[in-house]
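Q: Protein chains in written order, with this note's numbering: chain A, 108 to 347; chain B, 108 to 347; chain C, 108 to 347; chain D, 108 to 347.
Derived by calculation from the structure, the hints in this document are not laboratory data. Heads up, some of the hints might be wrong.
For chains that are exact copies, the list does not tell them apart, and a pair is met inside one copy or across any two.
Claimed, not checked - Straight-line C-alpha distance at most 27 Å; calculated BS3-like pairs for lysine-lysine:
1) K237 <-> K207
2) K215 <-> K112
3) K158 <-> K237
4) K238 <-> K161
5) K189 <-> K310
6) K307 <-> K286
7) K301 <-> K243
8) K286 <-> K160
9) K177 <-> K238
10) K140 <-> K177
11) K134 <-> K178
There are 4 protein chains.
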Amino acid sequence: MIEKKNNIHTVLLTGASGGLGSELADKISRHCKKMILLGKNKNSLLKIKKKLKKKHSSITCKVADIDLSKKIGVQKAVKFVKKEKRVDVLINCAGNFSVKSIINSSYKDLINDFHINFFAPFMLSKECSKKMLKFKRGIILNIGSSSSYIAAPNTSIYSSSKHALLGMNKAFQAELGNKGIRSIFAAPGSIQTKMGKKVKNQKYSTFIEPENLADFLISLILQNENMIINEVSINRANYK
Amino acid sequence: MIEKKNNIHTVLLTGASGGLGSELADKISRHCKKMILLGKNKNSLLKIKKKLKKKHSSITCKVADIDLSKKIGVQKAVKFVKKEKRVDVLINCAGNFSVKSIINSSYKDLINDFHINFFAPFMLSKECSKKMLKFKRGIILNIGSSSSYIAAPNTSIYSSSKHALLGMNKAFQAELGNKGIRSIFAAPGSIQTKMGKKVKNQKYSTFIEPENLADFLISLILQNENMIINEVSINRANYK
Amino acid sequence: MIEKKNNIHTVLLTGASGGLGSELADKISRHCKKMILLGKNKNSLLKIKKKLKKKHSSITCKVADIDLSKKIGVQKAVKFVKKEKRVDVLINCAGNFSVKSIINSSYKDLINDFHINFFAPFMLSKECSKKMLKFKRGIILNIGSSSSYIAAPNTSIYSSSKHALLGMNKAFQAELGNKGIRSIFAAPGSIQTKMGKKVKNQKYSTFIEPENLADFLISLILQNENMIINEVSINRANYK
Amino acid sequence: MIEKKNNIHTVLLTGASGGLGSELADKISRHCKKMILLGKNKNSLLKIKKKLKKKHSSITCKVADIDLSKKIGVQKAVKFVKKEKRVDVLINCAGNFSVKSIINSSYKDLINDFHINFFAPFMLSKECSKKMLKFKRGIILNIGSSSSYIAAPNTSIYSSSKHALLGMNKAFQAELGNKGIRSIFAAPGSIQTKMGKKVKNQKYSTFIEPENLADFLISLILQNENMIINEVSINRANYK
Chain A
108 MIEKKNNIHT
118 VLLTGASGGL
128 GSELADKISR
138 HCKKMILLGK
148 NKNSLLKIKK
158 KLKKKHSSIT
168 CKVADIDLSK
178 KIGVQKAVKF
188 VKKEKRVDVL
198 INCAGNFSVK
208 SIINSSYKDL
218 INDFHINFFA
228 PFMLSKECSK
238 KMLKFKRGII
248 LNIGSSSSYI
258 AAPNTSIYSS
268 SKHALLGMNK
278 AFQAELGNKG
288 IRSIFAAPGS
298 IQTKMGKKVK
308 NQKYSTFIEP
318 ENLADFLISL
328 ILQNENMIIN
338 EVSINRANYK
Chain B
108 MIEKKNNIHT
118 VLLTGASGGL
128 GSELADKISR
138 HCKKMILLGK
148 NKNSLLKIKK
158 KLKKKHSSIT
168 CKVADIDLSK
178 KIGVQKAVKF
188 VKKEKRVDVL
198 INCAGNFSVK
208 SIINSSYKDL
218 INDFHINFFA
228 PFMLSKECSK
238 KMLKFKRGII
248 LNIGSSSSYI
258 AAPNTSIYSS
268 SKHALLGMNK
278 AFQAELGNKG
288 IRSIFAAPGS
298 IQTKMGKKVK
308 NQKYSTFIEP
318 ENLADFLISL
328 ILQNENMIIN
338 EVSINRANYK
Chain C
108 MIEKKNNIHT
118 VLLTGASGGL
128 GSELADKISR
138 HCKKMILLGK
148 NKNSLLKIKK
158 KLKKKHSSIT
168 CKVADIDLSK
178 KIGVQKAVKF
188 VKKEKRVDVL
198 INCAGNFSVK
208 SIINSSYKDL
218 INDFHINFFA
228 PFMLSKECSK
238 KMLKFKRGII
248 LNIGSSSSYI
258 AAPNTSIYSS
268 SKHALLGMNK
278 AFQAELGNKG
288 IRSIFAAPGS
298 IQTKMGKKVK
308 NQKYSTFIEP
318 ENLADFLISL
328 ILQNENMIIN
338 EVSINRANYK
Chain D
108 MIEKKNNIHT
118 VLLTGASGGL
128 GSELADKISR
138 HCKKMILLGK
148 NKNSLLKIKK
158 KLKKKHSSIT
168 CKVADIDLSK
178 KIGVQKAVKF
188 VKKEKRVDVL
198 INCAGNFSVK
208 SIINSSYKDL
218 INDFHINFFA
228 PFMLSKECSK
238 KMLKFKRGII
248 LNIGSSSSYI
258 AAPNTSIYSS
268 SKHALLGMNK
278 AFQAELGNKG
288 IRSIFAAPGS
298 IQTKMGKKVK
308 NQKYSTFIEP
318 ENLADFLISL
328 ILQNENMIIN
338 EVSINRANYK
């Protein structure tokens, strides 16, 4: 069993069954007493829970399979949060990456991806903020993308939603930053995950390894309260 | 009657009954044969139509009152466009500016404002692009905001949606720019309109006058085809 | 002879004998009473002067060949300005574009290009600001580049200096914007000039035509005093 | 004596006698075999050297007091580097923060601050890159500022030079990133150092503590080679 540091009480993580999310769950488990893991895949979530309990017998771990790309999923997730006494760290990691031409992008594509990439993060951040405000303390880590700053062909919905997420991060910082809520925006480039496999014209083997990225992202959360990592862009070292 | 230059065939303008939109309608009328004006207020639209017909007897002017903050409104607008043979210039001017704290922002606020500020521009741009691609030529002018780059307290939804619009503009440029569709992103600061009256802590009389702004925005559309004004930020000269 | 509008008293233009500068000189001449043209090439400057006098017999036109890539040139230019009673519009157009690898860039390359691309604009803007402050009115137009935002290989000095110029524009706006001095930052992509011929991997014939660009840039200066065009990026429409 | 990890061979650090630099020297010493410390204050440098030798008896530590705000200082620093066989990590930390109105900024102010804030980092980065290219491996950490993105009144020179540094970081990444040289740009806000004491209208006690910041900055260097932290902005948590 790994040594445990309980600096954080409760962590809420979305996209916990995904390639990056599962690594984040693993890495953050050392640092908190309770974890709430939302994800699409129930089996994966249960496996992760089992693994974490084995690592840290004292940890409380709640899991819920929720499809955040639907209105009803977002509502369910919000209800889930409402029941919690506290959420000290929220990690908005869930996201969908559609590779589609503008002409072939439907209203449904748009609305679904905006639910998971933006409306869910917004509503969960709002709900968790209410709890954080009581403690005058909390961290929201938003997983953005290089697409939060630029746009490539066939990723119009993704780019737009990740731009929106960046705007949201700035807005939370501007409005709640002086009340103890620190919003961190991390924008990684392509990652060696299922999502990364959809990326065209780039060599998969050069992509960021999720484990390394997760280590770094968790370190952002653990920085001294005296400072805040506002925005960080991370890329693969593309020379290999 | 004012001298008329018919450089552009058909223009589609949203938010045409608003403070900036009505000025844009007026200024662009000199340069096109046909105008399609979408707006919230039917009476205002009819008045504008009458005024434009008086100015330019030869112009064709279609108006439709559609609430773009609803899914059904966006769908109606898309249908409206589908019926047109061509749209040479699309101006995404409609928008809503909510001043609301994060904690008081509901899912409904979010979804409504994203419909008018982002989903409508996206779906209309997509639909018009299909027509423009046939002519290998077209202009989409997106009216962004200084909130496309920064965020102030109590404007989280607006900032996020205007960031999304900026992402969309970049995506259209990246994907359709080499096919003759020029996407222009104009980001004005506070304007002397109803919307501008909601802005806190700034002196209204120093805001940009909509007529001056409209003149400039139309000039962006009329630039030589050899070049494209990608992004422009416009502010009030705040020294008065 | 072309109709003349004397809205502006004195204009100072650097890089006036260059590809873009000579077009700017031509276009602005309609709008001012007096022009001060700085450039590298004396013969070109005299030819431009002759042409402008022919077009507008009433215009006063002073020319000076000064090498702004040297400390002594910057000092000479500043002295030149000191003698003027007023400068209402300053256009910082002079610039050098070095295509050189980092490893082959010498201290001399660096210092020379920074003199023409940044120190000259800074010192001239400062000097002209003193005069503008007396009238509580003035415009500084800085010609930036797409390299003010991104960097391509073999253009490290150019990119850095154009980033510096952007920083300078923001600083002038922040400090002197509320005293009537409007700073405009225009960032064009590749232009069909001698400088543009150095650009690698892009088709010259698709580059922005200097005449079209000059027209647009002058229009930025002529906007209503009520507003200011803070930053604008212009690109070639690359679909041809 | 503290446990030592020799992952890095030689580190070159500028500004080593300053508030942030001395912390960086201390924190990086655990990770390298040899340190080259450049700074303004000889006594401080010698004290730091003594302290580091006490902590890690095996470390090689060279110090040199060089004034990088002068051409001759930059040349001396470059010569110093030329003598080294290798530099694996370069940290460009030296910098000067002038608080001065535009009108009162002289050519000398400009040229001096650009030497320390930009020309020294450029020339040292170039020189170290030559060595790094032999090993196909190296890290350049540039200490930027929030002034690399925005500008406040009375900081025109600082903002411009820090914008230039950002442009340089992008240029190195674009040109040498695929050859194993990773350029990291870290942009902290106000820090509790002598330099920070010059900042107006902000509460000093809320500024970032240099020790915390140094820990974070060193962690950026120690990330897995698979990825690179391109740009990161760090701010004080301003709610205290």
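Q: Taking the earlier hints as the rules, which of them does this structure contradict?
A: Hint check: 2, 3, 4, 5, 7, 8, 10, 11 fail, others pass.
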